[in-house]
Amino acid sequence: MRGSREEKADSASSGEDEESLRELCTVNGIKFEKLQKGAGKNVASLEMFFSGFPKIIGMENFPDLQNLTLMGQQITTLENLDCLPNLTELCVSESKITAISGLDGCKKLKKLFLYDNKITKIENISHLEQLNVLWLNNNNIIAIEV
Numbered sequence: 066m067r068g069s070r071e072e073k074a075d076s077a078s079s080g081e082d083e084e085s086l087r088e089l090c091t092v093n094g095i096k097f098e099k100l101q102k103g104a105g106k107n108v109a110s111l112e113m114f115f116s117g118f119p120k121i122i123g124m125e126n127f128p129d130l131q132n133l134t135l136m137g138q139q140i141t142t143l144e145n146l147d148c149l150p151n152l153t154e155l156c157v158s159e160s161k162i163t164a165i166s167g168l169d170g171c172k173k174l175k176k177l178f179l180y181d182n183k184i185t186k187i188e189n190i191s192h193l194e195q196l197n198v199l200w201l202n203n204n205n206i207i208a209i210e211v
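Take the sequence shown: its position 104, counted from the start at 1, is 169 in our numbering, and no numbers get skipped.
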């Protein structure tokens, strides 16, 4: 049985996630209320600048997404991207990413911009066979794994 504190924390997190997704939709001209009816299905590009998002959420609503740009966020982990098999360009820069991970489902990725983060190791990109641009300046790179 879960305690009421855990339930309240989950509820608060869920509310924050919905608020973040609502804001992402608004700034990209998508009606949040229509997401459940598939409004995100034909969206090819999303972007969000300097909003302080703590994590990547709601990507399952955008299965055909090709370009995702999240700049100046509080994101620490690349996550919830496995549902984006058509993603060709990803930019999560000026954030707080500590590791390159979570890209296993992004096999069509051609451009990856992760500059101005806190990444210490270049890793987990060998499966990205179409990758031809990797921008990692202004990180704390101390190791490269092939």
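Just so you know, these hints were derived from the structure itself, not from any lab.
Note that the coordinates shown come from a computational prediction; the quantities given were computed from them, not determined experimentally.
Honestly, I wouldn't trust all of these hints.
[Unchecked claim] Lysine-lysine pairs mimicking DSS-like chemistry, simulated, CA-CA at most 25 Å apart:
| id | residue 1 | residue 2 |
| --- | --- | --- |
| 1 | Lys161 | Lys176 |
| 2 | Lys161 | Lys175 |
| 3 | Lys106 | Lys161 |
| 4 | Lys99 | Lys120 |
| 5 | Lys102 | Lys120 |
[Said to hold, decoys possible] Cβ-Cβ distance ranges computed for the label pairs, FRET-style:
| id | residue 1 | residue 2 | range |
| --- | --- | --- | --- |
| 6 | Asn203 | Asp147 | 34 to 40 Å |
| 7 | Glu188 | Phe115 | 37 to 43 Å |
| 8 | Ile207 | Lys120 | 24 to 30 Å |
| 9 | Gly103 | Glu210 | 27 to 33 Å |
| 10 | Ala104 | Asn202 | 35 to 41 Å |
| 11 | Lys161 | Asn93 | 29 to 35 Å |
| 12 | Lys186 | Ala109 | 18 to 24 Å |
| 13 | Gln195 | Asp82 | 16 to 22 Å |
| 14 | Thr185 | Lys99 | 38 to 44 Å |
| 15 | Ile209 | Ala104 | 39 to 45 Å |
Just so it is clear, CB atoms sit at the ideal spot from N, CA and C, and this is done for glycine as well.
Take the C-alpha atoms of Lys161 and Lys175, compute the straight-line distance between them, and say whether it is at most 25 Å.
Holds, at about 22 Å.
C-beta pair Lys161, Asn93: status relative to the range 29 to 35 Å that was hinted:
23 Å, violated
Lys102 and Lys120 were given as a pair; does the straight-line alpha-carbon distance stay at or below 25 Å?
24 Å, holds
Please check whether Ile207 and Lys120 have a Cβ separation lying inside 24 to 30 Å.
25 Å, holds
Taking 25 Å as the top limit, are the C-alpha atoms of Lys106 and Lys161 close enough?
Distance of about 29 Å is beyond 25 Å: violated.
If you check the beta carbons of Glu188 and Phe115, does the distance land in 37 to 43 Å?
28 Å, violated
Could one say that the CB atoms of Thr185 and Lys99 fall in the range 38 to 44 Å?
For Thr185 and Lys99 the Cβ distance comes to about 41 Å; the hint holds.
Starting from the hint 35 to 41 Å, judge whether the C-beta atoms of Ala104 and Asn202 obey it.
Distance hint for Ala104, Asn202 holds at roughly 36 Å.
Okay, Gln195 versus Asp82 on CB: inside 16 to 22 Å?
31 Å Cβ-Cβ, so the 16 to 22 Å window is violated.
With respect to the beta-carbon atoms only, verify the hint that Gly103 and Glu210 lie 27 to 33 Å apart.
39 Å, violated
Regarding the pair Lys161 and Lys176, is the alpha-carbon distance no greater than 25 Å?
19 Å, holds
Looking only at beta-carbon atoms, does the pair Asn203, Asp147 fall within the given range of 34 to 40 Å?
Between Asn203 and Asp147, where Cβ atoms are some 27 Å apart, the hint is violated.
Figure legend: structure checked against the earlier numbered hints; hints not met, in rising order: 3, 6, 7, 9, 11, 12, 13.
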